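Engineer: Sequence:
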Amino acid sequence: MEEQRRDKELTIQTSEIQQGFPESVHHNRYEPTPYSLLDKLFDRYSLSSSDRLVDFGSGKGG
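Letter by letter, the sequence shown follows residues 1 to 62 of the numbering used here.
Simulated from the structure, these hints should not be mistaken for lab results. Remember, it's a predicted structure, so these values are computed and weren't measured experimentally. Errors might be hidden in some of the hints.
The list that follows gives simulated cross-link-like pairs (lysine to any residue, SDA-like), each with its CA atoms no further than 20 Å apart [claimed, not checked]:
id, residue 1, residue 2
1, LYS40, ARG5
2, LYS40, GLN4
3, LYS8, ASP51
4, LYS40, GLU3
5, LYS40, GLU9
6, LYS40, GLU23
7, LYS8, LEU47
What follows is a list of derived Cβ distance ranges for each label pair [as the list claims (entries may be wrong)]:
id, residue 1, residue 2, range
8, GLU23, SER49, 20 to 30 Å
9, LYS40, ASP7, 15 to 25 Å
10, TYR45, GLU23, 35 to 45 Å
11, ASP51, GLU23, 22 to 32 Å
12, MET1, ASP55, 39 to 49 Å
13, LYS8, PHE42, 17 to 27 Å
14, SER50, GLU23, 24 to 34 Å
15, TYR30, LEU53, 14 to 24 Å
16, GLU23, SER48, 36 to 46 Å
17, GLU23, LEU47, 37 to 47 Å
18, LEU10, ARG52, 13 to 23 Å
19, GLU23, SER46, 36 to 46 Å
20, ASP7, SER49, 37 to 47 Å
Glycine included, every Cβ here is placed at the ideal spot set by N, Cα and C.
Between the sequences and the hints, there should be enough to build the whole structure, so can you do that?
Structural biologist: So this is what it looks like as structure tokens:
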């Protein structure tokens, strides 16, 4: 339920695994990174205002 709560706070919908278009040779299942892992990442590494993040494979494509 934590994932859904965090999605709601951020007004996004990432918490459900999405499987679609399996017949495509380019199909890769969407699976979001759990917020708990992102929390661990940012507990360990801090970002400055000049830092940038790149979301490779940015999910649902919507």
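Engineer: Hint by hint, note whether the structure agrees.
Structural biologist: Hint by hint, here is what the structure shows:
1. Between LYS40 and ARG5 the CA atoms are separated by roughly 18 Å; this keeps the pair inside 20 Å, and the hint holds.
2. For a cut-off of 20 Å, the pair hint linking LYS40 to GLN4 stands: about 18 Å separates their Cα positions.
3. For the hint pairing LYS8 with ASP51, the CA-to-CA distance comes to about 26 Å; that exceeds 20 Å, so the pair is violated.
4. Distance check on the hinted pair: LYS40 and GLU3 sit about 15 Å apart at the alpha-carbon level, within 20 Å; holds.
5. A C-alpha spacing of about 19 Å is found between LYS40 and GLU9, which places the hinted pair at or below 20 Å, so the restraint holds.
6. Note on LYS40 and GLU23: the hinted pairing is violated, with a Cα-Cα distance of about 36 Å set against a maximum of 20 Å.
7. For the suggested pair LYS8 and LEU47, the alpha carbons sit about 24 Å apart, so the restraint of at most 20 Å is broken.
8. Roughly 44 Å separates the CB atoms of GLU23 and SER49, a value that falls outside the hinted 20 to 30 Å.
9. Separation of LYS40 from ASP7 is about 18 Å and conforms to the stated range, judged on CB atoms against 15 to 25 Å.
10. Distance hint for TYR45 and GLU23: a CB-CB separation of about 39 Å, consistent with the stated range 35 to 45 Å.
11. Checking the proposed 22 to 32 Å range against ASP51 and GLU23 shows it is violated: the Cβ atoms sit about 40 Å from each other.
12. Taking the beta carbon of each, MET1 and ASP55 are about 24 Å apart, not inside 39 to 49 Å as hinted.
13. A hinted range of 17 to 27 Å for the beta carbons of LYS8 and PHE42 is consistent with their spacing of about 20 Å.
14. The given range of 24 to 34 Å is broken by SER50 and GLU23, whose C-beta atoms sit roughly 44 Å from each other.
15. The hinted window of 14 to 24 Å between TYR30 and LEU53 holds, with their beta carbons roughly 19 Å apart.
16. The hinted window of 36 to 46 Å between GLU23 and SER48 holds, with their beta carbons roughly 44 Å apart.
17. Taking the beta carbon of each, GLU23 and LEU47 are about 40 Å apart, inside 37 to 47 Å as hinted.
18. Between LEU10 and ARG52 the C-beta distance comes to about 19 Å, which sits within the given range of 13 to 23 Å.
19. A C-beta distance of roughly 44 Å is found between GLU23 and SER46, which places it inside the suggested range of 36 to 46 Å.
20. For ASP7 and SER49, the Cβ-Cβ distance of about 26 Å falls outside the hinted range of 37 to 47 Å, so the restraint is violated.
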